[in-house]
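> If you're matching them up, the sequences are chains A and W in order.
Residue numbering for the first sequence follows the numbering used here, beginning at 1 and increasing consecutively.
Residue numbering for the second sequence follows the numbering used here, beginning at 1 and increasing consecutively.
No lab work stands behind these hints: they were computed from the structure.
Computed from a prediction, not measured in an experiment: that's the story for all the values here.
Ideal placement from N, C-alpha and C gives every residue a C-beta, glycine not left out.
One thing to keep in mind: the hints can contain errors.
Unchecked claim - Among the chain W residues that face chain A by a calculated CB cut under 10 Å, a handful are: (1) F11; (2) S39; (3) G47; (4) I54; (5) G89; (6) I91; (7) P114; (8) L156; (9) Y179; (10) K181.
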Amino acid sequence: MMAEGAIQAGCKFFAGYPITPATGVFKTMVDQLPSSGGVALSAPDEISAIAYCIGASMRGFKAMTATSGPGWALMIESVQYALITETPLVVALVQRLGPSTGGATQGGQGDVLLAEFCTSGGYTIPILCPTTANECFELSILAFTWAEIFRTPVILLSDKETGMTIESIDYSRLSKSTSQNRPTNFAFRDIGEFKKEQRRGTYYFDSLHEIPAFAPVGGDRKVTATGSAHDKQGRLQKNSPETIDVLLHLEEKIHWRSDDFSVVKADLQSGAKRLVVSYGVTSRAARDAVLKARSSGRKVSSLTIQSLFPVPARKISEAMEGVEEVIVAEENFRGLYRSVIERHCNGRKVRGVNKIGGMITPQEILSAITG
Amino acid sequence: MKSHEIIIAGFGGQGVLSMGQIIAYAAMIEKKEASWMPSYGPEMRGGTANCIVIVSESKISSPIVSRFDSAIVLNQPSMEKCDSKVKPGGILVYEKSAILQPPKRDDIEVLAVPALQEAVRLNKKQIANMILLGAFLERRPIVKPETVIEALTSVLPERHHHLIPLNKQGLLLGIEFGYSKHTVVA
């Protein structure tokens, strides 16, 4: 469904290297993308796969690759290149049990921080995290929208259980909101938040948060792309005020819009003293647990975070109103995302439900709610 | 039927995952909600494999559950794992030739099916899983046999479509076997 969402979003280029549990995305793209007028390639390795995608995107095509933990480790260098060259790109990262080759056919939610903090400099990379087949489709479209209009790599972070489970969905009810109806590949040309001037370089902005106009390689303007620190025209420069501005801009364009990046599903109950926070496949167990707890008369709220980064701080704070204890359920042993949102909990008690090597069951979350 | 949770477990190559897929697709054809979650080792054949299938009248939240309404077991290691996870009143169907220690529970229905033996008799070992599936569906009619046959076209790759009649034969054999056991367990 991630692949089908990508095609619906208008993705025209896919390159990947097969890896369980992301092979489903690879296979669907190879099967279906060509008939939608796109190109799908099997690359010799993950480094080439992502580099092909960056090239296609620089030429003006919406591009995506898909991998799992070990492949992601190889892609990290190139993701940074996409980030500094402001190249739109979607990476579907289907998590499995780590570290290293880990458990090829076992699930996990252990790449959350590796995905987010993979850049030197600690830049924010938007991460979307689907919980169901429906959401794989819809968040895939959203990932493309964000990648395109903010000129950034976006990670679609799922897990083995979400990526490989087959489930029934109603195609007719899937959102068609951001389909191929966009007039160009690059919607920001139409949102009018900057002055487009032909003579200016492809990285030009007035204030730090502005998104520069995209010019394709091979188009009518000169385009310089470099992984080195550069000025607004893409020329390599060291420590000039303009270069530092470009580096600050890379973060500010995301940070300034943090609230636009907030996607959560809140199921709040008034008077609830406990809030269960979860993401990905664990949210489905959490939903079951919360419903069971309520049916036995307990008051409990639930928050599913779909946009893990930038952290949807305002929506988390809203969900925490009146709550005394926060329970964060995730399939890793250290409580990776818990460590991120703890600072937004304002001194409330924070507990984790953690496990590796198998999914967290509704019963395990229920015990935490009632315990 | 509100929601029916099934675990199917055995070795890779026994048709464990496809059996689950067939149930899930058949449920979908019958406009029920379905989820199929595979779990297997890195080996293609010989490793352990299982899948959890949920068929429901309403939306399914968690694809994983801790206790099952039904279990279909194809090897001894899986028997040891699944035996205790069947809810009281549930059913445990197993491949007779693969199980050395049959389950001892008396609060569930237990059905030993000589599926492999029957399949070998037909000279088609690979339909043993359909015989098991038929026997199971006879006892727990979660989906109709007609839709199971229909589902085969989605689950089997096209190059195997010529085997659909054979699979149908296996399914019917299983159904007959399940039916013949009615008096024993009633």
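> Enumerate the violated hints, using their earlier numbering and listing them in ascending order.
1, 5, 6, 7, 8, 9, 10
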